[in-house]
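The lines below spell out each chain.
There are 2 protein chains.
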Amino acid sequence: MIEILKNKMTPERILSAGVGLEREGLRVTPQGKLALTPHPSIFGDKLGNPYITTDFSESQVEIITPVFDSVDDAYHFLEALTDIVINEINENNELYWPYSMPCDIPEDEDIPIAEYQGEEGKKARAYREKLIKKYGGKRQLISGIHYNFSFSDDVLETLFRESGGELSYRDFKDKIYLKVLRNFLRYRWLIVFLLGCTPGLHGSYIEKCLACMEEVDSSETFLSQDGTSARNGSCSGYKNEIDLYPSYASVDEFIASIEEYIKRGDISEAKELYAQIRLKPKKFNDVLGSLKADGIQYLEIRTIDLNVFDKCGIAKVDLEFLNIFMLFLLLEGEESFDTWQQEALINEVKVAEHGLKADLELLDHRHWTLKTAWAEDILEKIAEINEYLDLKQDHCIEVMQNRLRNPQTTYAERLKQLMTEKGYLNANLELANEYRTDSVSRRYCLKGFEQWELSTQILIKEAITRGIKVTPMDAADNIIALEKDGHKEYVKQATKTSADTYITPLLMENKVVTKMILKENGIPVPAGEEFFSVDEARLKLPNYVGKKVVIKPKSTNFGLGICIYDRGGTIEELLEGARIAFAYDHTILIEAYVAGLEYRFLTMGDEVVAVLHRRAANVVGDGIHTVQALIDKKNEHPYRGDGYTSPLKKIKLDDQAQLFLKQQGISASTVPRPGELVYLRGNSNISTGGDSIDYTDKMHPRFSEIAMKAVRAFGAKFCGVDIIIEDYSNPESAFGIIELNFNPAIMMQAYPFEGKERRLGYNILKTIGLAD
Amino acid sequence: MIEILKNKMTPERILSAGVGLEREGLRVTPQGKLALTPHPSIFGDKLGNPYITTDFSESQVEIITPVFDSVDDAYHFLEALTDIVINEINENNELYWPYSMPCDIPEDEDIPIAEYQGEEGKKARAYREKLIKKYGGKRQLISGIHYNFSFSDDVLETLFRESGGELSYRDFKDKIYLKVLRNFLRYRWLIVFLLGCTPGLHGSYIEKCLACMEEVDSSETFLSQDGTSARNGSCSGYKNEIDLYPSYASVDEFIASIEEYIKRGDISEAKELYAQIRLKPKKFNDVLGSLKADGIQYLEIRTIDLNVFDKCGIAKVDLEFLNIFMLFLLLEGEESFDTWQQEALINEVKVAEHGLKADLELLDHRHWTLKTAWAEDILEKIAEINEYLDLKQDHCIEVMQNRLRNPQTTYAERLKQLMTEKGYLNANLELANEYRTDSVSRRYCLKGFEQWELSTQILIKEAITRGIKVTPMDAADNIIALEKDGHKEYVKQATKTSADTYITPLLMENKVVTKMILKENGIPVPAGEEFFSVDEARLKLPNYVGKKVVIKPKSTNFGLGICIYDRGGTIEELLEGARIAFAYDHTILIEAYVAGLEYRFLTMGDEVVAVLHRRAANVVGDGIHTVQALIDKKNEHPYRGDGYTSPLKKIKLDDQAQLFLKQQGISASTVPRPGELVYLRGNSNISTGGDSIDYTDKMHPRFSEIAMKAVRAFGAKFCGVDIIIEDYSNPESAFGIIELNFNPAIMMQAYPFEGKERRLGYNILKTIGLAD
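Same order as they appear, the protein sequences are chains A and B. With numbering that gives the first Met the number 0 applied, the first sequence has no gaps in its numbers, which climb one by one up to 771 at the end. With numbering that gives the first Met the number 0 applied, the second sequence has no gaps in its numbers, which climb one by one up to 771 at the end.
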């Protein structure tokens, strides 16, 4: 089989696999107590949100990634979801418990079972009530990582084609997955050793379980002596009441054995079988029927403890290792005997409860073998596969070899140390707080979507939060599909949507047409006229000498080619302005100049959702620091970055800024007076370090009404209306509409330098009918 | 007053004036009989169409231009409307009678009075019934040009500001217009002489009028001996029963005198006063009330006969002269005496009935004066104004001086000659046929809109025809507004409208996204994949060696960067194709190649409105002519032109074409066999002389269904779907969707080289809800 892979496929194609991750975790108070509040309503219907839901308990947030064809993508999405959950529960001052075993929990009767709505919800709730009676509530609060794995069609089809057997493709696939499953059961003890991370329990956990541990401080922290994974041990984890060994010889035999268990009353339905690894069907609501009809779709591995040392609950290197481990399970031969499943269980429990014991022995085909030697042997086989197929996965293999050879580097051992030092709750709370700080500081962006515009990241984040299915379609063009309850919308660059018509932006990008339409609709526009040639301008410009005017090209172009005569101009100056404007368009405009500050009114649907003023890059003196020092300090703001991935840009003291300072008679080493505002640029662009200042609540509503009136004249839904206003607080103030922008940026309003952050992703979703 | 103009305004600003034209004309049979058919229904509701309606009779089509601020624009629009009317009535094999006096007409009881609908319609009809009783029907069939004139606000405001009187601006304006009106009455005889064009009558006209004429052939043609304008004469024209001389001293006095006439029963309402010039109010349905409330808006001059020598009924040079003549009337002093209006009427009638008499004398302030000398004097004054104000209107003044000095060049004299030669009916029918040929040959475009894309011209033409108000907004961007019954739509480039959403074209312009969406919606797309780098292509291209594939850049770009391997390619050839495609985009596609011809399915709303195949520039041999001669002949087709103003382009025998011939072993001087198809290009672009061939009715409906399904997947309304089909008549034929185009051109389908012309402007209007 390895020869087929070697000869017929590239390493990249061999490694491509379907990877999906699920991560559970408890919401806890800052003191480490189970949060008894409801699941945040922003996550919407628990049965409808494909990304964020609850597991057993209302306090147990479950994160689910879609299936990706690379570990990197799956991991990044998991991180994105984790950031979202941490930020949302932080709104309620709760933390995301990083550890598989529960926090400080109450007795069964006070553990909140997940609440659901509707018919489906009733069933979900009834199932949980039965579980709490049968297994107790505390055990149900254990969290973990579920690793969903499928070989790529490419790999399966190549193997099928080249192995030339007599099976159908579906039967061939089933056979492959059953073999991998059996081998996983055999070798799962290695995963428990390498990834195990539940060495301790809290005093509030089940007494019977605490009894197997050592109490290290005043009835709070209980630690195992040499165990790696209490969660996978015989007592404390997710286990059936009696050990069950279904047949994995074929799909049919598997189904028959499950049906037998149900008949006997050992379990009530297929999903109650707490196997370490599950065969996954196409249709979740009919596991056995669908496995029979459609065959095995993928495998779900449930062995993995949450890794407290990673915000996401699992390290990327572990995922990388798991991927090649699955390949090993596929390629490794197998020998069956009656009690192989019992032997595998014995090995698992031994490693879970005593994995850190140096001379631990395991049963290898009914013979006791030193765990370390056997593990070395397996890792060596994996290393050989890696080398033979040129898979370049050396790093993750080396990491695992190191864990094996230096057990103090295992998660279990590291965490035991930490809990010994700080106590059970504090050890976990410190990590939870660290992850919170990290997620909160990067709340403006979305992990794994760095190549997307920030505006699109904001929208995707909001959609995911609310359980709207996101399909990234083209990162370079920032096109995504959003879908909920059968309603699908395509969106480009966050605000190019079906809510606007095709013609609207085309009208707005033409200044002359824009003005005609505004005028027709009774919206005062600066008086003026248009010229089609310099000759025509020469003929008519004498009428404008000495008047406050602006000369600009007809088409919008980031403010290029605009000359402002705020104290009036001579005929020569006006003509020069006309010549400049003609360099940008074949038609130019001259308009009355309105004094004042420029404000951006961001409108979505039928409302102004944010008002912003942009201020040129600046620092404010404190009488102590130099301009340079003040810049450095200002640049520390978490929103200031470089390029297009942050809502604000770092201020650069480049030649232009230095010249600008020089013109004011100062330099980088000047110490400005306390409160002195020092500008570093003439333009107010955010891209050159300008500040974004929120005016939404300060702006007089009259001007928002004017902005909406303008927008309605174009039938627009998403628009950025730029208005110059002399006094924003005075409804009688002079004003002039400068421009209507049809693809308004949202990041500067969502995350302003000064003022309230605004949830604009929500406004977008509302406008396109995907949120209420 | 002239000093103010001279000192305060540029010549251009002085000449700018509001000009609107109305032209009436009879629909006639090819034999010159009055057409008794209804007004073409395509022109819609007569009271709702602002451009094309009926006058007194159902057979009298009235054309109305909006007000323009230049003679050129008004004239061009008049020509556009004339072309539309001639083409539409030609559908019914009728001609547009070019002469003011009626064609071969029936007796009163058979003259069809205009039919109207609704309450307003009832009133309009009742008024006409009253008129036919009072004045007889034949007289009501006389047609003419109404010239609506207003000074520009610029001129009026400058005069008002600079003359510094005590009047309000409104009173000042009224005073100006009243003076111009009075002077027009005084000098109108000159217009009757210069522009008069009704020297004859048809035998079917009112007998009493025929009696004043000379019968030149068998009771058909009756000609005046030395008259210029029977229409303005005492007998045959549009006159009140008794001569009425309302006061024009002020608006109030005018109103009082009209009210007196109505009281006396001379006329039934204000509009029944058949004045040569009218004061025009703001609100047409309340002439006197509105004149009182809002003042005079403009003047309507009704003296002008249709000029049979111009398709539009008036020559541009005459309009130019009228404009400067109005300025003369403004600047010329006046002296009033009791009988000045009677004197003016005497002069008018004398010129109308004997204007061509060499020694005709007129009454100038109660003294007989030689008409020629007086006319010379007036033209001299006009020439002086022209020179003093540097208006550059020398040409039209010289033309008028020439008419005065050489009466044989007047329209009246020229037409008399023609009627003498050919007879009354034939003289007019020949001209009508000539105009028809001209209008029909240019039916694909719209006069005066040459700087607009042909697609937009087609749309504007259709809108005007149906009485939808068109507002050109930006010619360079091809943006127009269309409005009917309060429903307004903006359109850019004919098919960019509010019917499509903003996101639709953005999805279509991305080939990868397009394919994803088609696939999701169950539309078969050519199998393939995308590459992001040449390295990736190198890795995966080996799978495509020897297969029929196409390699292309991700984004649409006029077919640039596409390589077709219709017989399969080597790895080197495929890699070269990948490199070429990467020159156009950062992502490229490889797809299965589908053999066949490419068809463009043009969809609008919910239907495929046209299917077209483009064939590369070619000629078909006849065994006699050379390739060069065949090209020359083919290029004579009226649709073949240069640039973007014709639906087809002339074939050019350039280097490329000559090389293409050489590769086939022939040259421009080869004589192809009869029926031999000789291609001159490899590409099928219309822009390089290709043929457009209509397949709408031949295409198997299955493929139109596929096109619509694709379009619906994008929620698109206007789309050009390019599909390669092996056999268009076979529903089982292989096919592949190549591209969806979001701004499909319509001119090649509207006016194909081969096949049926299609009224696509109508489909556009229907799709945006402006036509049923």
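Just so you know, not all the hints are guaranteed correct.
For identical chains, the list gives no copy identity; a pair is met inside one copy or between any two copies.
What the hints assert, rightly or not - Calculated pairs, SDA-like style, for lysine to any residue (alpha carbon to alpha carbon, straight line, at most 25 angstroms):
no.	residue 1	residue 2
1	K291	K697
2	K262	D242
3	K487	G714
4	K697	R566
5	K380	N322
6	K238	D565
7	K7	S289
8	K178	I3
9	K648	M472
10	K5	V286
11	K32	G117
12	K708	V439
13	K315	I63
14	K546	E449
15	K129	P111
16	K270	K421
17	K32	E606
18	K765	A712
19	K547	E725
20	K633	E725
21	K487	G521
22	K121	N322
23	K356	V619
24	K129	D68
25	K708	M472
26	K421	Y643
27	K765	G714
Since the hints were derived computationally from the structure, they do not count as laboratory data.
Hints numbered earlier in the text: which of these fail when held up against the supplied structure? 1, 4, 6, 7, 9, 10, 11, 12, 14, 16, 17, 20, 22, 23, 24 and 26
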